[in-house]
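Novice: Sequence:
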Amino acid sequence: MSNIKKAASAEDQLEINRFARLHKTYIEVKSELSQLNNETQNIADAEDEILLLDDEAAASIPFQIGSIFVHFDQDTISSKLAEGKESNAQKIAALQKRLNHLDNELKQLRAVLYAKFGDNIHLEMDEE
Numbered sequence: 018m019s020n021i022k023k024a025a026s027a028e029d030q031l032e033i034n035r036f037a038r039l040h041k042t043y044i045e046v047k048s049e050l051s052q053l054n055n056e057t058q059n060i061a062d063a064e065d066e067i068l069l070l071d072d073e074a075a076a077s078i079p080f081q082i083g084s085i086f087v088h089f090d091q092d093t094i095s096s097k098l099a100e101g102k103e104s105n106a107q108k109i110a111a112l113q114k115r116l117n118h119l120d121n122e123l124k125q126l127r128a129v130l131y132a133k134f135g136d137n138i139h140l141e142m143d144e145e
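The sequence shown begins at 18 in my numbering and counts up one residue at a time.
Quick caveat, the hints were computed from the structure, so don't treat them as lab data.
Note that CB positions come from ideal geometry on N, CA and C, so glycine has one too.
Do not rely on the hints blindly, as some may be mistaken.
DEER-style ranges, computed between Cβ atoms [unchecked claim]:
id : residue 1 : residue 2 : range
1  : Thr-93    : Leu-116   : 32 to 40 Å
2  : Thr-42    : Gly-83    : 22 to 30 Å
3  : Ala-25    : Asn-59    : 42 to 50 Å
4  : Lys-108   : Glu-28    : 31 to 39 Å
5  : Ala-128   : Ala-75    : 56 to 64 Å
6  : Glu-103   : Ser-51    : 46 to 54 Å
7  : Asn-55    : Asn-34    : 29 to 37 Å
8  : Ser-51    : Tyr-131   : 56 to 64 Å
Below, simulated BS3-like cross-link-like pairs (lysine-lysine); rule was C-alpha separation at most 30 Å, straight line [to be verified]:
id : residue 1 : residue 2
9  : Lys-47    : Lys-114
10 : Lys-47    : Lys-108
11 : Lys-41    : Lys-114
12 : Lys-41    : Lys-97
Please construct the entire structure, taking both the sequences and the accompanying hints into account.
Specialist: Structural data, given as structure tokens:
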């Protein structure tokens with residue numbers, strides 16, 4: 018390809034700005050998805066730990082609600098953890114769908130901008 022610089026029209030600048038906004042949203046959604054996956058893993062670990070408790074310890078298990086801890090029995094804690102896990106699974110599915118949609122939009126916009134500007138523009142996302 019040639020190194021001829023092309024001037025960006027106002028319309029081109031709008032597309033570049035749209036790409037930047039989509040990319041920022043993509044990174045935010047990806048981060049939120051990672052946090053939810055970690056939280057879901059923590060819930061699974063808590064469920065495993067609760068199964069290992071003896072009867073005396075299982076009678077009063079602290080559960081954090083906001084900034085306080087409330088004591089519940091093993092059955093109540095298990096149901097609360099299951100609810101949290103289900104809620105996270107739904108959120109994860111929705112975020113994954115949104116992430117896929119954003120990725121498709123970014124790919125399409127990247128193709129359009131590279132076709133127009135070639136090597137004069139850098140739109141690749143750095144993998145972390």
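Novice: Given a hinted range of 29 to 37 Å, is it respected by the beta-carbon distance of Asn-55 and Asn-34?
Specialist: holds (32 Å)
Novice: Is 46 to 54 Å respected by the C-beta to C-beta distance linking Glu-103 and Ser-51?
Specialist: Since the Cβ atoms of Glu-103 and Ser-51 sit about 19 Å apart, the hinted range of 46 to 54 Å is violated.
Novice: Quick check on a hinted range of 56 to 64 Å for Ser-51 and Tyr-131, using CB atoms only.
Specialist: violated (28 Å)
Novice: Evaluate the given range 31 to 39 Å for the C-beta pair formed by Lys-108 and Glu-28.
Specialist: The hint (31 to 39 Å, Cβ to Cβ) holds, given that Lys-108 and Glu-28 are roughly 36 Å apart.
Novice: Within 32 to 40 Å: is that where the Cβ-Cβ distance between Thr-93 and Leu-116 falls?
Specialist: holds (34 Å)
Novice: If you draw a straight line from the CA of Lys-47 to the CA of Lys-108, is it 30 Å or shorter?
Specialist: With Cα atoms ~12 Å apart, Lys-47 and Lys-108 stay inside 30 Å; holds.
Novice: Are the Cα positions of Lys-41 and Lys-97 separated by 30 Å at most?
Specialist: violated (34 Å)
Novice: Please work out if Lys-41 and Lys-114 have their alpha carbons no farther apart than 30 Å.
Specialist: Distance of about 17 Å is within 30 Å: holds.
Novice: Quick check: does the Cβ-Cβ distance between Thr-42 and Gly-83 fall within 22 to 30 Å?
Specialist: holds (29 Å)
Novice: Against the range 56 to 64 Å, how does the distance between the Cβ atoms of Ala-128 and Ala-75 compare: consistent or not?
Specialist: holds (57 Å)
Novice: Quickly compare the C-alpha distance for Lys-47 and Lys-114 to 30 Å and report which way the hint goes.
Specialist: holds (11 Å)
Novice: Do the Cβ positions of Ala-25 and Asn-59 conform to the proposed distance bound of 42 to 50 Å?
Specialist: Hint holds: Cβ distance 46 Å, inside 42 to 50 Å.
Violated hints, in rising order: 6, 8 and 12; the structure is consistent with all others.
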